[in-house]
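Number of protein chains: 2
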Amino acid sequence: MTNQLFVKMVLDAWFTQVKEATNLFDQLSNDQLQQEVSPDRNRGTYLLGHLAAVHDRMLPLLNFGEQLYPELMDYLNLPDKSMTKTINTDTLKEYWMNINATLAGRFNDLQVDEWFQRHNAVSAENFLKEPHRNKLNVVISRTNHLAYHLGQLVLLKK
Amino acid sequence: MTNQLFVKMVLDAWFTQVKEATNLFDQLSNDQLQQEVSPDRNRGTYLLGHLAAVHDRMLPLLNFGEQLYPELMDYLNLPDKSMTKTINTDTLKEYWMNINATLAGRFNDLQVDEWFQRHNAVSAENFLKEPHRNKLNVVISRTNHLAYHLGQLVLLKK
Numbered sequence: 008m009t010n011q012l013f014v015k016m017v018l019d020a021w022f023t024q025v026k027e028a029t030n031l032f033d034q035l036s037n038d039q040l041q042q043e044v045s046p047d048r049n050r051g052t053y054l055l056g057h058l059a060a061v062h063d064r065m066l067p068l069l070n071f072g073e074q075l076y077p078e079l080m081d082y083l084n085l086p087d088k089s090m091t092k093t094i095n096t097d098t099l100k101e102y103w104m105n106i107n108a109t110l111a112g113r114f115n116d117l118q119v120d121e122w123f124q125r126h127n128a129v130s131a132e133n134f135l136k137e138p139h140r141n142k143l144n145v146v147i148s149r150t151n152h153l154a155y156h157l158g159q160l161v162l163l164k165k
Numbered sequence: 008m009t010n011q012l013f014v015k016m017v018l019d020a021w022f023t024q025v026k027e028a029t030n031l032f033d034q035l036s037n038d039q040l041q042q043e044v045s046p047d048r049n050r051g052t053y054l055l056g057h058l059a060a061v062h063d064r065m066l067p068l069l070n071f072g073e074q075l076y077p078e079l080m081d082y083l084n085l086p087d088k089s090m091t092k093t094i095n096t097d098t099l100k101e102y103w104m105n106i107n108a109t110l111a112g113r114f115n116d117l118q119v120d121e122w123f124q125r126h127n128a129v130s131a132e133n134f135l136k137e138p139h140r141n142k143l144n145v146v147i148s149r150t151n152h153l154a155y156h157l158g159q160l161v162l163l164k165k
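Residue numbers (this note's numbering), protein chains in the order written: chain G, 8 to 165; chain U, 8 to 165.
Hints in this document: simulated from the structure, not taken from any laboratory. Keep in mind the model is a prediction, meaning the values are calculated, not measured. Where hints are given, some of them may not hold.
Just so you know, same-sequence chains aren't split out, so a pair can sit in one copy or run between any two.
Below, simulated DMTMM-like cross-link-like pairs (lysine to aspartate or glutamate); rule was C-alpha separation at most 20 angstroms, straight line [claimed, not checked]:
1. Lys92 with Glu27
2. Lys136 with Asp19
3. Lys88 with Glu137
4. Lys165 with Asp87
5. Lys15 with Asp87
6. Lys164 with Asp81
7. Lys15 with Glu137
8. Lys164 with Asp38
9. Lys164 with Asp47
10. Lys100 with Glu78
11. Lys15 with Glu73
12. Lys15 with Glu43
13. Lys164 with Asp116
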């Protein structure tokens, strides 16, 4: 019961942030997403690609399968100004929706106890010493990551 | 044991964000904190006051006692541009440190089970139906709130 409650608390926070970000991406025009969040900073469309990439990488990290769109990796590995091959904003929005829907499906399938198993970036040996490095903890840290960039994206609103 | 692990996961995320914000406030000069995070948006010093106010309000919300600095309330209730009586940045930094240190002390004193008790913005009656509205959940949501504004404050760095 308590484990279930805890999982709910963490997932509620995740879904709240994903929903806020999705609503914001819907509100912003593609022109607005082409703007920088502050002078000489990342453009909205880059942050959209970056967030999609980080969420896509959660699939292998949580042992849910392969990432859906390996072409997003530049949005993880390169800064905005160094990108030579960008993906158009509408496609990024579609990726964003599909990735989060896929994650939501896998989250819902997961049994409560499975959330407390290790994620794939920690070895079985280290996990014995650091049991907090479990799948649910990945969701906590990615929720904060999303909130961080959401605070920037909201600056694009008129 | 598992409850203890949950609490650790949530508090680790909280302390990580508080530490990052504190390091950032230390790095930024008072001149930088006077700047807006993006044109016509909040100034850094306002966001510092706002975060201090939100954290200060956690004291009564979590039943830890009265808020330390009621003079911060304008940073919750008024937008930056409507403030008539601001507090100077060095004082806000001092408040920020004291408030977070006070919270840390109270967090450390709390027994694991007490984290799953209701916070003061939910009635005993509603808490029966919504047991996720506990003290630990306040920390989850305030951590996301901090990350959101941290993403904005980092734009002030040179």
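Here's how the hints hold up against the structure:
1. Lys92 with Glu27: neither (28 angstroms within a copy, 32 angstroms between copies)
2. Lys136 with Asp19: Between. Shortest inter-copy distance 16 angstroms satisfies the 20 angstroms Cα cut-off; intra-copy 28 angstroms does not.
3. Lys88 with Glu137: neither (38 angstroms within a copy, 46 angstroms between copies)
4. Lys165 with Asp87: between (22 angstroms within a copy, 17 angstroms between copies)
5. Lys15 with Asp87: neither (35 angstroms within a copy, 35 angstroms between copies)
6. Lys164 with Asp81: neither (26 angstroms within a copy, 24 angstroms between copies)
7. Lys15 with Glu137: Answer is between: at 11 angstroms across copies they meet the 20 angstroms cutoff, but 22 angstroms inside does not.
8. Lys164 with Asp38: within (11 angstroms within a copy, 26 angstroms between copies)
9. Lys164 with Asp47: both (17 angstroms within a copy, 12 angstroms between copies)
10. Lys100 with Glu78: Within one copy, since 14 angstroms is at most 20 angstroms while 43 angstroms is not.
11. Lys15 with Glu73: Result: close neither inside a copy nor across copies, 25 angstroms intra and 30 angstroms inter.
12. Lys15 with Glu43: neither (35 angstroms within a copy, 37 angstroms between copies)
13. Lys164 with Asp116: neither (36 angstroms within a copy, 42 angstroms between copies)
The structure does not agree with the numbered hints 1, 3, 5, 6, 11, 12, 13 stated previously, though it agrees with the rest.
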